[in-house]
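S.K.: Below are the chains, spelled out letter by letter.
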Amino acid sequence: MSSYTLGILMLAGINLVAVLGLSLLTGFTGLFSFGHAGFMAIGAYVGAFLTVSPARDIPGLGLPLIVGVLGGGAAAGLVSWLVGRITLNLKGDYFCIATLGFGEATRLVFNNVQRFGGSRGWPLGATRDMGDIWIILAVDVVAVILVANLVKSRHGRNMIAIREEELASQVTGIDVFRYKMVSLVISAILAGAAGVLLGNYLTFINPKIFNLTKSTELIIIVIFGGLGSISGSVLGALLLTALPEVLRFFEIWRLVFYGAAVILIMISRPQGLLGGMELTPSGIRKILAERRARLALRAEAARETAEGGSR
Amino acid sequence: MNFRKAAFVVLAIALVLAGCGGKQKTDTIKVGWFGALTGDQAVWGENEFNTVKMLFEEYNAKGGIEVGGKKYMLEAIGYDNKGDAQEAVNVTNRLVSQDKVVAILGPNASGNAIPIASTLEQAKVPDIATVATNPKVTVQDGKVKPYNFRVCFIDPYQGAVAAGYAYDKLNARNAAVLYDVSDDYSQGLTEFFVKSFEGKGGKIVAKEGFTAGDKDFRAQLSKIKAANPEVIFMPYFFTEVALSATQARELGITATFMGGDGWPSPDLFKLGGKAVEGGIFVNHLDYDQPTVQDYKARYKAKYGKDTELNGYLVHDAVLMLVDGLQRAGKVDGEALAKAFESTDIQGITGRIKISPTTHNPEGKDAAIIKIVDGQYKFLENYAAQ
Numbered sequence: 037m038s039s040y041t042l043g044i045l046m047l048a049g050i051n052l053v054a055v056l057g058l059s060l061l062t063g064f065t066g067l068f069s070f071g072h073a074g075f076m077a078i079g080a081y082v083g084a085f086l087t088v089s090p091a092r093d094i095p096g097l098g099l100p101l102i103v104g105v106l107g108g109g110a111a112a113g114l115v116s117w118l119v120g121r122i123t124l125n126l127k128g129d130y131f132c133i134a135t136l137g138f139g140e141a142t143r144l145v146f147n148n149v150q151r152f153g154g155s156r157g158w159p160l161g162a163t164r165d166m167g168d169i170w171i172i173l174a175v176d177v178v179a180v181i182l183v184a185n186l187v188k189s190r191h192g193r194n195m196i197a198i199r200e201e202e203l204a205s206q207v208t209g210i211d212v213f214r215y216k217m218v219s220l221v222i223s224a225i226l227a228g229a230a231g232v233l234l235g236n237y238l239t240f241i242n243p244k245i246f247n248l249t250k251s252t253e254l255i256i257i258v259i260f261g262g263l264g265s266i267s268g269s270v271l272g273a274l275l276l277t278a279l280p281e282v283l284r285f286f287e288i289w290r291l292v293f294y295g296a297a298v299i300l301i302m303i304s305r306p307q308g309l310l311g312g313m314e315l316t317p318s319g320i321r322k323i324l325a326e327r328r329a330r331l332a333l334r335a336e337a338a339r340e341t342a343e344g345g346s347r
Numbered sequence: 003m004n005f006r007k008a009a010f011v012v013l014a015i016a017l018v019l020a021g022c023g024g025k026q027k028t029d030t031i032k033v034g035w036f037g038a039l040t041g042d043q044a045v046w047g048e049n050e051f052n053t054v055k056m057l058f059e060e061y062n063a064k065g066g067i068e069v070g071g072k073k074y075m076l077e078a079i080g081y082d083n084k085g086d087a088q089e090a091v092n093v094t095n096r097l098v099s100q101d102k103v104v105a106i107l108g109p110n111a112s113g114n115a116i117p118i119a120s121t122l123e124q125a126k127v128p129d130i131a132t133v134a135t136n137p138k139v140t141v142q143d144g145k146v147k148p149y150n151f152r153v154c155f156i157d158p159y160q161g162a163v164a165a166g167y168a169y170d171k172l173n174a175r176n177a178a179v180l181y182d183v184s185d186d187y188s189q190g191l192t193e194f195f196v197k198s199f200e201g202k203g204g205k206i207v208a209k210e211g212f213t214a215g216d217k218d219f220r221a222q223l224s225k226i227k228a229a230n231p232e233v234i235f236m237p238y239f240f241t242e243v244a245l246s247a248t249q250a251r252e253l254g255i256t257a258t259f260m261g262g263d264g265w266p267s268p269d270l271f272k273l274g275g276k277a278v279e280g281g282i283f284v285n286h287l288d289y290d291q292p293t294v295q296d297y298k299a300r301y302k303a304k305y306g307k308d309t310e311l312n313g314y315l316v317h318d319a320v321l322m323l324v325d326g327l328q329r330a331g332k333v334d335g336e337a338l339a340k341a342f343e344s345t346d347i348q349g350i351t352g353r354i355k356i357s358p359t360t361h362n363p364e365g366k367d368a369a370i371i372k373i374v375d376g377q378y379k380f381l382e383n384y385a386a387q
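Protein sequence lines correspond, in order, to chains A and B. If you count the first sequence from 1, you need to add 36 to reach the numbering used here. If you count the second sequence from 1, you need to add 2 to reach the numbering used here.
It is possible that some hints are incorrect.
To be verified - In silico contact screen, one side only, chain B against chain A (beta carbon under 8 Å); selected entries:
| no. | residue |
| --- | --- |
| 1 | L39 |
| 2 | Q43 |
| 3 | N52 |
| 4 | N92 |
| 5 | P117 |
| 6 | Q142 |
| 7 | G215 |
| 8 | D218 |
| 9 | T258 |
| 10 | Q291 |
| 11 | S357 |
| 12 | T359 |
| 13 | T360 |
Said to hold, decoys possible - Anything over 10 Å on all C-beta distances counts as not near chain A; from chain B, calculated:
| no. | residue |
| --- | --- |
| 14 | V45 |
| 15 | D86 |
| 16 | T213 |
| 17 | K225 |
| 18 | G275 |
| 19 | D346 |
| 20 | Y384 |
Because the hints were derived from the structure by calculation, they are not lab data. The structure displayed is predicted, hence computed values, not measured ones. Virtual Cβ for every residue (Gly too), placed ideally from N, Cα, C.
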């Protein structure tokens, strides 16, 4: 595999980690966040501090990457807990705006932290190790298993209930605030871990990388892949990370085609690629069964009209 | 055709077309270029790529260049990276692994030039950055990066020139700085201006920041006015320069405005008008110097518009590339990087003598330009002490 293809796969894997978290928050709990790049930034900077060699111009602690991933995720999770305590009582659009503010504020804070290079950025490692794909894949697998099991558990059901009807779920005794918090913290941990991996891949971080565009990119992947679908998030992360590169043939028009492709798919499938579906063996059986039932129903209806016409 | 089918057709066509790129031609030297062709830096990216294409066409029209006794045509392969660090890594990977270029020209932004170093090193493909002025583009942790080069001076030098000129020539003792906190270039220049100015014995009476996209600078400017500086250093790009200069004059600030190589653009006068009159900035070259006139005219004739600053520097990057290829005697990235280390050529922006220990052009004088009657007036070449 060429370093080009491998590089894109690595980026897709990194995006997937963040997207899975956001999928839990947006797809399963119904909270839209436009500030996840902020959590990625926190993860990236903490991770960089833990992993960068002490011998460099801007030194770190020189710990292994996996410690960085855990530490960066933990830091982002901690910050999200603080943010959540203040903002999670906000409903709908207001929460969305609060996260947007958080994301931008985080970026501006890092612009001013000269210890970490400020807006001039922080060169991390001297070499990009393409073998890190295995670490990225391992984090992906862990994240998929974590999120998939969570949404199938009682806790996940409660989150879905909140997404469907917040007031009703509160009435039935679900601690809405707590489940929103759990969802937010897990999604922030994953975003933080993704930030560490991204910094490690780029061998360089600056606050500009974690701007609003990055947050929107993540949310577009979640919606494109399909809300409430983990396999949709996987597929979305792969396709939308590769798409701008595949479209290079169109030169300066490629972003126009990128936008057009996304719009076309959203028009033809408003629920996203795999909205509410899962590409697991049981999920596929379910989809097929539903399709059969729908076809049978349609055939029935057709027969009835035909009979009605002949009478 | 319904939308779903249309979407699939669009995607399928894109995939097929993308799959059949990259034909192999014989006796062609492939050279990569990347930079922003879309987004807010597209003006400079387009200008650079146009210049590269124009120069390559001119070489090819003359029968190509001779390397190791054999004639080769030059082919430029350019990609857009939106000025984004992540895409910079993607396109570099693509250029070295799919297009198999022998060297890469660009990018102009330091934040894009730093993350590609590792890829260049692994693929043994040298890169010549155009206006990436952050020292860390070529030197990191006291070690020179073997495959990164540049044709421009660096921020510490530019900052020292501006500070030195303000202190020694303008006799300023109190300076204020207004800068873009969110921009790497602006932060870098600020740091080195302050260091040099204070080192000479001057005083920074105010240092105020803003964030990219800000349109109103009156709060910061009021504080600067209260500090009463003789010089205000404005190390950011022309749009904000024009806005902040206009607002400063409205507030009654009479101090001299100074800036760096983010200033020069035809738009500076359109937006800034009288407010930027008398402003002094540090530039890579004097636009009126005889050596650049020929290139300026050729560019205008071919593309119907004036070249920007980046064009001059990428022009010299191309000269450096051709010289390097001829001296290397073979089309090979590793040999080319070796040859680059002993570059000593006369470019249109000045003498380009690459230092093997820093991969920067040594002793390139900076030009001091003053804005007089809506024109750039060259004052003098000035070297920082």
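S.K.: Are Q291 (chain B) and chain A close enough, Cβ to Cβ, to be under 8 Å, as the hint says?
M.R.: violated, 31 Å
S.K.: Can N52 (chain B) be said to touch chain A, with a Cβ gap under 8 Å?
M.R.: Result: violated, 12 Å to nearest chain A Cβ.
S.K.: Min Cβ distance, L39 (chain B) to chain A: is it shorter than 8 Å?
M.R.: With Cβ-Cβ at 5 Å, under 8 Å, it holds.
S.K.: Tell me if the interface restraint on Q43 (chain B) is satisfied: Cβ within less than 8 Å of some Cβ in chain A.
M.R.: violated, 12 Å
S.K.: Would the hint on D218 (chain B) stand, with a C-beta cut-off of 8 Å toward chain A?
M.R.: violated, 17 Å
S.K.: Have a go at the T359 (chain B) hint: is there a Cβ in chain A nearer than 8 Å to its own Cβ?
M.R.: violated, 16 Å
S.K.: Would you settle whether the hint for Q142 (chain B) is holds or violated, based on the nearest Cβ-Cβ distance to chain A being less than 8 Å?
M.R.: With a closest approach of 6 Å, the Q142 (chain B) hint holds.
S.K.: D86 (chain B) clear of chain A by more than 10 Å, beta carbon to beta carbon?
M.R.: violated, 8 Å
S.K.: Is the interface hint for G215 (chain B) satisfied, with its Cβ closer than 8 Å to some Cβ of chain A?
M.R.: violated, 11 Å
S.K.: Just checking, K225 (chain B) versus chain A, shortest CB gap more than 10 Å?
M.R.: holds, 17 Å
S.K.: Are P117 (chain B) and chain A close enough, Cβ to Cβ, to be under 8 Å, as the hint says?
M.R.: Since the shortest Cβ distance to chain A is 4 Å, the answer is holds.
S.K.: Grab the minimum beta-carbon distance between Y384 (chain B) and chain A and tell me whether it stays above 10 Å.
M.R.: holds, 25 Å
Against the hints set out earlier in the document, violations occur for numbers 2, 3, 7, 8, 9, 10, 11, 12, 13, 15 and 16.
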